[in-house]
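Engineer: As a plain string of letters, each chain reads:
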Amino acid sequence: MIVELGAFALILALVLAVLQTGMAAAGRLRRSPVLAGAAEGAALACAGVVALAFAALILAFAVSDFSVANVAANSHTDKPMLYKVAAAWGSHEGSLVLWCLVLTGFGAVLARARGLPFGLKASAVATQGLLGVLFLAFAVFTSNPFERLDPAPFQGGSLNPLLQDPALAFHPPFLYAGYVGFSVCFSLAVAALIEGRANSSFWPAWGRWVRPWALASWAFLTVGITLGSFWAYYELGWGGWWFWDPVENASFLPWLAGAALLHSAVVTERRGALAGWTTFLALLTFTFSMLGAFLVRSGVLTSVHAFAVDPERGLMLLAILGATSGVAFALFAWRAPQLKGGGMFAPVSREGALVLNNVFLTAASATVLLGTLYPLILEAANGATISVGPPYFALTFNPLMIAALLILPAGPLLSWKRGDLKGVGQRLALAAGLSILIALAGWMVFEPKKALSAAGIGLGGWLILGTLAEVAERLRLFRAPLAETLRRARALPLGAWGTTLAHAGLGVFVLGAVVETGYRVEAARALAPGQTIEAGKWAVTLDSVGVVEGPNYLAEQGKLTVTLRDGSAPRTVTAERRFFPTGGQTTTEVGLDFRGLDDVYVVLGERGRTAADEPAWNVRVWWNPWARLIFLGPAIMALGGLLSLLDRRLRLGVNRKAAA
Amino acid sequence: MNWLPKSPKARRRLWVVAAVAPVLAVAVGLSLYAMRDSVTFFFSPSEATAETAPAGRVVRLGGLVEAGSVVRGTDGEVAFAITDNAATTRIVYQGDLPDLFREGQGVVTQGTFLPDRRFRATQVLAKHDENYMPREVADRLKAKGEWRPGGETPAAGAADL
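Chains as they are written, first to last, in the working numbering: chain L, 1 to 660; chain R, 1 to 161.
What the hints contain is simulated information worked out from the structure, not anything from laboratory work.
It should be emphasised that the depicted structure is a prediction, and the values quoted were computed from it without experimental measurement.
Glycine included, every Cβ here is placed at the ideal spot set by N, Cα and C.
It is possible that part of the hints are untrue.
[Stated by the list, open to error] Over 10 angstroms on every C-beta distance to chain L, these chain R residues come out as not near it, computed from the model:
1. V39
2. E66
3. A67
4. P115
5. R117
[What the hints assert, rightly or not] Pairwise CB distance ranges, derived in the manner of DEER restraints:
6. R:S46 - L:K450: 39 to 45 angstroms
7. L:P581 - R:S46: 35 to 41 angstroms
8. L:S200 - R:R13: 17 to 23 angstroms
9. R:L4 - L:A323: 39 to 45 angstroms
10. L:V445 - R:K6: 39 to 45 angstroms
11. R:R13 - L:L59: 53 to 59 angstroms
12. R:V28 - L:N382: 19 to 25 angstroms
13. L:D543 - R:A67: 34 to 40 angstroms
14. L:L646 - R:E47: 54 to 60 angstroms
15. L:A384 - R:R117: 52 to 58 angstroms
16. R:K6 - L:W416: 23 to 29 angstroms
17. R:A67 - L:A380: 30 to 36 angstroms
18. L:P117 - R:L14: 32 to 38 angstroms
19. L:G322 - R:L14: 33 to 39 angstroms
With the rest of the complex left out, here is chain L:
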């Protein structure tokens, strides 16, 4: 019954989305506030109904209703409750409902937003409604999650055990909140192209409306990608955290474009400049989101992560992508030349720095896009099957990002319109000097000596120190009495703290990524109980291996002791090899020993025999120095995004407009 309600709710949502689009468009054309208001009501109802459908789906998973095909394929009664619920968005159909929920939910918030001018809002609500129609129709007609099975099986096929993990349970909701959150930026950009005028007050206001959406989506996406990367790090047991896999790139592209959008929206908001470019980025970011959905679900690219691959559905997604982005970019090509506006600025200025940031970020995303799609292009061209690996990205993406990061600390110090490069240089001199010292220290401390990695450490330090130098400058730290500094700290808007945190978080991430990549030590050996393997300064001893029984798996559990080479500072870790009888799959449970910022990462492999014919296990050990920072950095960045979002100026700006 609940399941039928859910199926009905999904169809009702499609009808409501059609109504929303139609009424908003008609309301806009006839300038009828009644119709437009009704469209906003429809948007709210649509979101509510999709939420109902999603709740019904979760309930079906929670009670293990195997008469539903999707539940039978992806759930099992033995699974812990968290993974029963998470399985609701673990399959193609369920995750599409989640996608629609975020799309309509954000659409409802957009419909409730106050202060947008009538025409702009009606157009945006209509566009958002149209996106809802397309994706809901896709869900209802090709991927109905509520399809029944007759007869119902007694037991389900279970969720892929690798996905039964807390980080991955929460990875899709965050990822989708980010991916699909950009749809509002897309709708607002389309609305601005329809309604936009070349007058100077329109674009700053538009920038202020777009920026919170871009900020929120970007912060969500940051959390989502980090959770996914963390999962890959400790669940796959490959010792790495980023593989430049097509599916990873698919989530990284909207992140890069979204970061560019965030920065160019600031220019549009403050100065009314770059209006056309900001609109373009808003269209591009959601296009990348849809491209990601297409790449992940169609199976056109070989990936280690892809799930539920179906070429036919992929084709449908490609059609949706082509239709929406095609129309939007055509609209852009037609209207953008008429949308000139905004203030002038000198090349050396805050605006100039932000333009440079955008140039680097978009160039970097272009290289990632090329690397991701090149196998497809080549296969279509001459049939050769290739894969583009990490060396490509190391050669293209890294230099561009390094250049961008080098100039990053100077940006916030430059003033708007016309900046003073010499003054900025003086204010950053101390930070620059210290960063060089940090690089030298890194070169001396870490073994083996690597000049490039040491320079990378200096770059991370430069980002953190340069960002702090900017705050110190604004607070007049150590140059004014402490009371004055504190007063200034309180007066500093949250947005400025957000910027500082996000940029410093990036520095923290760079430190972690550089040190982990440069100085990671890996060792592997077959160990009989009692034997020891050494990795860098650590020694890992296999104490015992036993068999344990989990809720839905059997595991070989190894107890290992991690010590320093001289035997001091012992700590026990457990590493498992789990066998899931349903589906007959084996997974690896990594043993992680946190040593300050470092990880000692232990993987228990297959059982074999030593030369003396004793039982032995292949044990792989990684010493990943500073790996903690890789995941801490993005968390700080997301926090920075959240702080900026809470800035009163962003909210009051909207409200003040409403009062006017």
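Here the structure of chain L is known, so what remains is to put chain R in place on it, guided by the hints.
Structural biologist: Below, chain R alone, put in the same frame as chain L:
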């Protein structure tokens, strides 16, 4: 500075172009350069001849793990053979096989050919899903008429717990 355009708008545009052009040029140059060396070609055992995949060049080799070919040495060394039912290549690999590695299953290995035409794999990829067949492997098998969907019987190796 009289070669600069007079209008401030045109002047700004010139600056933007001056900033964008070198970055784009660098990006394009790097991409082209990187594509030459870091692109990895994929072969099936019967396609990987000494001409197409010379010893020492990193390539991917994919096919089915030949039944009964897996030999585990001491110290984590594994030898197995992969086949596309037309030709067979012997693989040596040091390390942990993926959790889903099984005889009869499709895998993709990455590595280099040794002078004796054995293949030293540095990476063995199987997917998260037990029904997975790498797309390239599936395509080649289909092209050769060797495609038997669902026909691969999982070997007993996984059930040793």
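Engineer: Run every hint past the structure and note whether it holds.
Structural biologist: How the hints compare with the structure:
1. V39: Non-interface label fails for V39 (chain R): nearest chain L Cβ at 5 angstroms, not farther than 10 angstroms.
2. E66: 19 angstroms, holds
3. A67: Correct as stated: the minimum Cβ-Cβ distance to chain L is 17 angstroms, above 10 angstroms.
4. P115: 24 angstroms, holds
5. R117: 21 angstroms, holds
6. R:S46 - L:K450: 39 to 45 angstroms: For S46 (chain R) and K450 (chain L) the Cβ distance comes to about 42 angstroms; the hint holds.
7. L:P581 - R:S46: 35 to 41 angstroms: 37 angstroms, holds
8. L:S200 - R:R13: 17 to 23 angstroms: The hint (17 to 23 angstroms, Cβ to Cβ) holds, given that S200 (chain L) and R13 (chain R) are roughly 19 angstroms apart.
9. R:L4 - L:A323: 39 to 45 angstroms: 44 angstroms, holds
10. L:V445 - R:K6: 39 to 45 angstroms: Violated, since V445 (chain L) and K6 (chain R) (Cβ atoms, about 56 angstroms apart) do not stay within the stated range.
11. R:R13 - L:L59: 53 to 59 angstroms: Between R13 (chain R) and L59 (chain L), where Cβ atoms are some 58 angstroms apart, the hint holds.
12. R:V28 - L:N382: 19 to 25 angstroms: 21 angstroms, holds
13. L:D543 - R:A67: 34 to 40 angstroms: 36 angstroms, holds
14. L:L646 - R:E47: 54 to 60 angstroms: 58 angstroms, holds
15. L:A384 - R:R117: 52 to 58 angstroms: Hint violated: Cβ distance 21 angstroms, outside 52 to 58 angstroms.
16. R:K6 - L:W416: 23 to 29 angstroms: Since the Cβ atoms of K6 (chain R) and W416 (chain L) sit about 24 angstroms apart, the hinted range of 23 to 29 angstroms holds.
17. R:A67 - L:A380: 30 to 36 angstroms: This hint holds: roughly 35 angstroms between Cβ atoms.
18. L:P117 - R:L14: 32 to 38 angstroms: Since the Cβ atoms of P117 (chain L) and L14 (chain R) sit about 35 angstroms apart, the hinted range of 32 to 38 angstroms holds.
19. L:G322 - R:L14: 33 to 39 angstroms: 35 angstroms, holds
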